[in-house]
Amino acid sequence: MRRSSILIRLFDYLGLLFGIAAVLAVLYYWDPTRVMIKRLAPGAEARFEQMPKGATDLTLADLLTLNEAAAVDMRRRTLINKVFGVSGLPLDLMPQRIIRDVEKTPGAVKKCLSPTGPSLVHLWSRMDTIIMRGIGCEARFYRDWRNLAGIDELTGHMQNRWRNYAIAYFRPVQANGRLILYQQGLAATYHDQHRLIEGWVAEGYTVAAMNMPGYGDNTCYDLERYCVDPPMGGMYDKELAQNFAPPVIALNHAMAQTSFEHIAMVGVSSGAWVTLVAAALDPRIDLSVPVAGVLPLNLLQGKEESARGIVAGLTDIASVLDLAVMGADRPGRRQIQIFNRFDRCCFYGPRPESYASDLQRSAAALGGRLDLLFDESHARHKISDWALRRIMAAIDGGAERAE
Amino acid sequence: MSASARIALALSLAALIVAVALWWSGGAWQYGALPTRGLVRVASFAMGAAVCIGLAAWIKRRFS
Chain Z
1 MRRSSILIRL
11 FDYLGLLFGI
21 AAVLAVLYYW
31 DPTRVMIKRL
41 APGAEARFEQ
51 MPKGATDLTL
61 ADLLTLNEAA
71 AVDMRRRTLI
81 NKVFGVSGLP
91 LDLMPQRIIR
101 DVEKTPGAVK
111 KCLSPTGPSL
121 VHLWSRMDTI
131 IMRGIGCEAR
141 FYRDWRNLAG
151 IDELTGHMQN
161 RWRNYAIAYF
171 RPVQANGRLI
181 LYQQGLAATY
191 HDQHRLIEGW
201 VAEGYTVAAM
211 NMPGYGDNTC
221 YDLERYCVDP
231 PMGGMYDKEL
241 AQNFAPPVIA
251 LNHAMAQTSF
261 EHIAMVGVSS
271 GAWVTLVAAA
281 LDPRIDLSVP
291 VAGVLPLNLL
301 QGKEESARGI
311 VAGLTDIASV
321 LDLAVMGADR
331 PGRRQIQIFN
341 RFDRCCFYGP
351 RPESYASDLQ
361 RSAAALGGRL
371 DLLFDESHAR
381 HKISDWALRR
391 IMAAIDGGAE
401 RAE
Chain V
1 MSASARIALA
11 LSLAALIVAV
21 ALWWSGGAWQ
31 YGALPTRGLV
41 RVASFAMGAA
51 VCIGLAAWIK
61 RRFS
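Chains as they are written, first to last, in our numbering: chain Z, 1 to 403; chain V, 1 to 64.
Next up, chain V with everything else stripped away, as it sits in the complex (with noise of 0.2 Å):
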């Protein structure tokens, strides 16, 4: 896995998990601290950042 690889993948999973906290810890629900659109958006971009992440490892299995 590439330098860049590591990175989102440890940006997106620090994002989700400090995003599912704070929205748990704020009732879990749209007028907590961090609003349940909010939680979705974060998990919609960190899901972003493992698929192309996967995608270019599968290209790298596959075709090197």
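So here's chain Z without its partners, still in its complex pose (with noise of 0.2 Å):
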């Protein structure tokens, strides 16, 4: 055979491999799909399907504590103290400075480490600088969205310069009176979720954006913006206040705009943490939806042992599942935990089951709601359609609407 046409054979093939690739990559990619092969995928049972062994083995009696309202007020309080010092929560919290309208005047900022767009951000930044994306930076991006009035940055820092806290406000042109406090998780930015913030703006939502601490603008990194004025200090010069008061700190500002008919808070992975916790110590927020995270600290494993650090401290006050109620602890309070039941990253497979029907009676006693979800659609670490589905209803509906 001359050696054109081996060559022209060998491309043909080479060519077909290509092609079944390409639809083998449609495959791996598309949810749908993509569950189906991490069901049929070995070991995929015990992982996704069947309980662990701790989780039959918990004594939910001693997680589960709260069965009255004035316990509820007292473990509070106890929590509030822990982390803010003080015995109430702090109403009078704001902002240090307030960056009116990013998105026209950005200011002054430090070299923008992903200047691609939120689009294009994946697939051509490096992993250390999309962790780094500044709303100063991208919030021209964001300038043409439907019904957006504009983007406040509101910002402070808690010790000299160390541990700064940097909160996105959207403001919507014709606003809807609710309110959605967002809360990223680890190895992002709330600008990975453009799309999200995008289509609750051009509904009416104020949103008020967070990163975890070290994420985003949550860092020193650029100085001159976040990190000179004179740190609050005191009280706050704390982890657990860095952690936690940015939520309080961007309701107290929404608050001092106007009054919201609803305030909801959605978190996602580790944000789903600060979540949890924000509602049990804040009980403004009537609706609580953490995303892929939240379980009792003995039903952690593997990747999910660095949740411990977000609540290292809160947890001997009030126990995960106690938050839990605590975030749904009266008539017209509730919270969704919703669980990627496939999710290839980390608090997947049934875990949650062997506590619910509990947890849901705790909060009903009390007069709240508490829902667990099981999200089968894809098998990722995220806030898929059929989970913001769900929690668009019930932010609409308010705390009390039925699924």
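Just to be clear, a hint being listed does not mean it is correct.
Stated by the list, open to error - Sample of chain V residues at the chain Z side, in silico, Cβ under 7 Å:
id, residue
1, S2
2, S4
3, V18
4, A21
5, S25
6, W29
7, Q30
8, A49
9, L55
10, W58
11, I59
Claimed, not checked - Ranges of calculated distance between the beta carbons of each label pair, as one might list FRET restraints:
id, chain 1, residue 1, chain 2, residue 2, range
12, V, A21, Z, E305, 36 to 42 Å
13, Z, D396, V, I7, 32 to 38 Å
14, Z, R143, V, G27, 31 to 37 Å
15, V, A28, Z, E305, 47 to 53 Å
16, Z, S259, V, G27, 17 to 23 Å
17, V, G27, Z, L7, 40 to 46 Å
18, Z, M36, V, G27, 20 to 26 Å
19, V, A3, Z, T33, 26 to 32 Å
20, V, A28, Z, T56, 40 to 46 Å
To be clear, the hints were calculated from the coordinates, so they are not data collected in a lab.
Owing to the predicted nature of the structure, the values given are computational and were not obtained by experimental measurement.
The beta-carbon is built from N, C-alpha and C at its ideal position, and this holds for glycine as well.
Dock the two chains into a complex; use the hints.
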């Protein structure tokens, strides 16, 4: 056979291999087929369907201890004291600095690390720059969002040139009287959720978006912008305050602008843990939705263990399950915990089923409502359309609305 | 064009069209039902197939 015909055949077959790979890539990346692949993978049943040993040994009597409103109030005061060093929620705590309309006038920013815009950033940028995306650099990409009046940056810092926070406050032109606090988790920033926030703003929600400490603007990387004011210091000069003060500050700021009919907080991954605690601390949050996170500490495994650090010192006062009950402790308050059953990262499987009914009963006994939902529509670590539809139904209908 | 080349072209074109449709209908972003990264992967494979088939056709024209 001539060499050219060998080459022709070789490239033909190589082309066929690429064609097959393209088809397989669609199946691998599309959520419904990805779920099927996950379910058929070796060890899938043990991982996603079977209850692990520790889950059946939970002593719920030790983890669910709140059965009357007075006990909840007392526990809340102790928690607030632990986080803020005062006996009541600091309702007068406001941002140290507000930069209005950052989408139009971002002000001076240090070098933008991922100047590619939200659509391309995950393809063209390195991870260490993706997690440092700041609103001063990104806001211009949001300028043309439908119904966006402006984005305000609420900032402050707690320790001298250390521990700052930055909240992006999205104001709609036509507001619907509802506020959504969005808390991003680790290894990402809320900029990754730009479509989610864009959709909320278009529908008239006011949105306050927050990152975890150390991510996005929550570092003193841009020292001049974030960390030169005199620090808040004092009782806010500690890690717990850096985690849990921003939702309170965002809410205080929002309430000072206008009154809101409903206040919801949504958090994903580590942000789910912040959401859990924020709802336990602040009864103004009437709907809280921790997504893809939040399990009793003795059910954590592998990389989930990092969540212990977020609630360190708090779970001595109230267990994770008690914290959940505190977020749904009265009529009109509701918590929806959403778990991605086939999550490729963490917090997967049926573990919450081992305590779901007891947890729901505890909240119901106090007049609140607590739901645990399992999202089986995908196998990723995210808020899916399935979850979003349920979240929006709860927000639009108020905390009491049934599914 | 050989049968295998025709199959390769059909597969890669179909995969690309389906991927673009799924990506677009899911909001055209990283957290959609088909993430941007997945679309790029599919497009790369489809392009790889097209390049190989194109090379085969060129060799055929050039040397036969």
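Taking the hints in turn, this is what the structure says about them:
no. : hint                         : verdict
1   : S2                           : holds (5 Å)
2   : S4                           : holds (5 Å)
3   : V18                          : holds (6 Å)
4   : A21                          : violated (10 Å)
5   : S25                          : violated (10 Å)
6   : W29                          : holds (5 Å)
7   : Q30                          : holds (5 Å)
8   : A49                          : holds (4 Å)
9   : L55                          : holds (5 Å)
10  : W58                          : violated (9 Å)
11  : I59                          : holds (5 Å)
12  : A21(V) / E305(Z): 36 to 42 Å : holds (40 Å)
13  : D396(Z) / I7(V): 32 to 38 Å  : violated (49 Å)
14  : R143(Z) / G27(V): 31 to 37 Å : violated (19 Å)
15  : A28(V) / E305(Z): 47 to 53 Å : violated (35 Å)
16  : S259(Z) / G27(V): 17 to 23 Å : violated (32 Å)
17  : G27(V) / L7(Z): 40 to 46 Å   : holds (43 Å)
18  : M36(Z) / G27(V): 20 to 26 Å  : holds (22 Å)
19  : A3(V) / T33(Z): 26 to 32 Å   : holds (27 Å)
20  : A28(V) / T56(Z): 40 to 46 Å  : holds (44 Å)
In the structure shown, a violation is registered for the earlier hints numbered 4, 5, 10, 13, 14, 15 and 16, in ascending order.
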